[in-house]
Amino acid sequence: MYILLTTAYSVSDNLLEVQIRHTLHTAHGILPMEVTFALPKAGIMALTGPSGAGKTTLLKQIAGLIMPESGSITFNGEPWLNTPSNVHLPAQARNIGFVFQDYALFPHLTVLGNLLFALPRGSKPDIAHELLEITGLTGLAQRKPHEISGGQQQRVALARALVRQPDLLLMDEPFAALDPDMRYQLQDLLLRLRRQHSFSAIVVTHNVGEIFRLSDHVAVMDSGKLLRFGTPSEIYLNEKEPAGEMLIYGEVLTCERSDDQLTVNAWIENRVRELKLPLHLEPQLAPGSAFTMRYSANPAQIRIVGG
Amino acid sequence: MNPQPLLLTFKLASITSVLLLVIALPIAYWLAFGKFKGRGVVEALIGMPLVLPPSVIGFYLLLAFSPSHWFGAWIEDVLGLRLVFSFPGLVIASILYSLPFMVYPIRAGLQSLPTSLREASYTLGKGERETFFKVLLPNCKPAILTAFVLTFAHTVGEFGVVLMIGGNIPGVTKVASVAIYNEVEALNYTAANQYAMVLFAVTFVILLLVYSVNNRLLRVRQPA
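Chains as they are written, first to last, in my numbering: chain A, 191 to 497; chain B, 4 to 227.
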């Protein structure tokens, strides 16, 4: 099941319209991917769901890095992809910025060199220096990526993605590897940069706090399908239409077995929480393993959907 | 000891390595990232010199290069070059013979880079060529250095192919490995030993340099 939202808005009002069919090759096998959504206005959209759901693939398809088997992508009325009429704008021609999960900084270039690389030929380097200033990297301009911390590398990746002043910034779990303080600071930086440079963004994230802080829309994906689409409140807080199912991501700390259930201590959303789970899940809950859990009001329906 | 065979050996190895680097870069890129059918056939052909006796390659090149064969005749007509028993012939044979030593390490180096580096360059508006020269190549320097030196050393060590198509014309095709063979046949062990020692020492120093440089480059690449 997926939700067709295009009908709710007239075509011209939408910032981004995506309709894609593809085949996903995941760790769990081959899955048909089918995603249709329309983003009604500029802002930040969060893309969430368990690993293997197709989030990164979707992001790269929007960027033009992966060619979908069929479908169309329209941004601000401009066709980026239309397989029936053989339109496929290469990544270079889509005015996007992309922040990779591993940052993808060029190891042989300095921080400044990474930003200057992104400048279109013949343009002035002012924007690169300005972005270094805003992101607090001026003092590190001559360092190589391996000489700075993870948080600083993330800032470089963000600054570099903005050098071309993109209309759309795509971010693949940009803050996942950072500690909560650094994560908060960088969310702040992103919001500040967005106010100054007025781009739209799609952010892949697992962190519900981050979704509320950053985004005005959330798309929830699973197994190649878009399950839900709405504002963060509609998705997570609306009692009348309960999320029914909520996805929880965590890491197992301890797992103890009693006669009728498992008592699991898990690290979820930066806290230790105790979960009572059915016995049959034990093999998937070894201490140290990561899990994604589909949770509903009825604990009997807890189902682990992937690490 | 006549230094001429040694000088000829190093001249041949230098020219072969430089030309082969230029030829191998696009081939390695194509094998690493290209989407095409028949990749297996191309890979097998490039890898043939690794397993085939050098005399087999030498034999076929000798036939092809000879003026009575259409290829040899054509080269002689068009370029005025006789490839058999000549230095240019040795260069071409060495290029074919050392192709896998240049192509494979560079391909492996390119493939070992995270895909995201290439993708990042594309999303920053750069095309494939610019990405190749400005992002991919600078980040596989150890692989390129290894490939270059392996090719150089392999060409220094050539014997069978050179003997088949070059013979041993002093100053033209008589390289050090052939000179050693000749001296041993003439029971002139002292001269053979001198050539052999020089080859041994030079090759060892080159490999030593490469491994120390590579270790240093790799240490620098480690994340902080």
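Hints are computed from structural coordinates only; laboratory data are not their basis.
Every residue, glycine too, gets a C-beta built ideally from N, C-alpha and C.
Be careful, since some hints might not be right.
Ranges of calculated distance between the beta carbons of each label pair, as one might list FRET restraints [stated by the list, open to error]:
#, chain 1, residue 1, chain 2, residue 2, range
1, A, P473, B, L210, 44 to 54 angstroms
2, A, W457, B, N217, 39 to 49 angstroms
3, A, T216, B, E79, 55 to 65 angstroms
4, B, L210, A, N460, 24 to 34 angstroms
5, A, L279, B, F36, 44 to 54 angstroms
6, A, T328, B, L55, 52 to 62 angstroms
7, B, I26, A, G267, 39 to 49 angstroms
8, B, G130, A, R382, 48 to 58 angstroms
9, A, R382, B, E131, 32 to 42 angstroms
10, B, K40, A, D450, 37 to 47 angstroms
Taking beta-carbon pairs under 7 angstroms as the criterion, some of the chain A residues facing chain B (in silico) [unchecked claim]:
#, residue
11, L205
12, G267
13, H278
14, D292
15, A294
16, F296
17, P297
18, T300
19, A308
20, G312
21, Y439
Sort out which numbered hints this structure fails and list those numbers smallest first.
-> 4, 5, 8, 10, 11, 12, 13, 18, 20, 21
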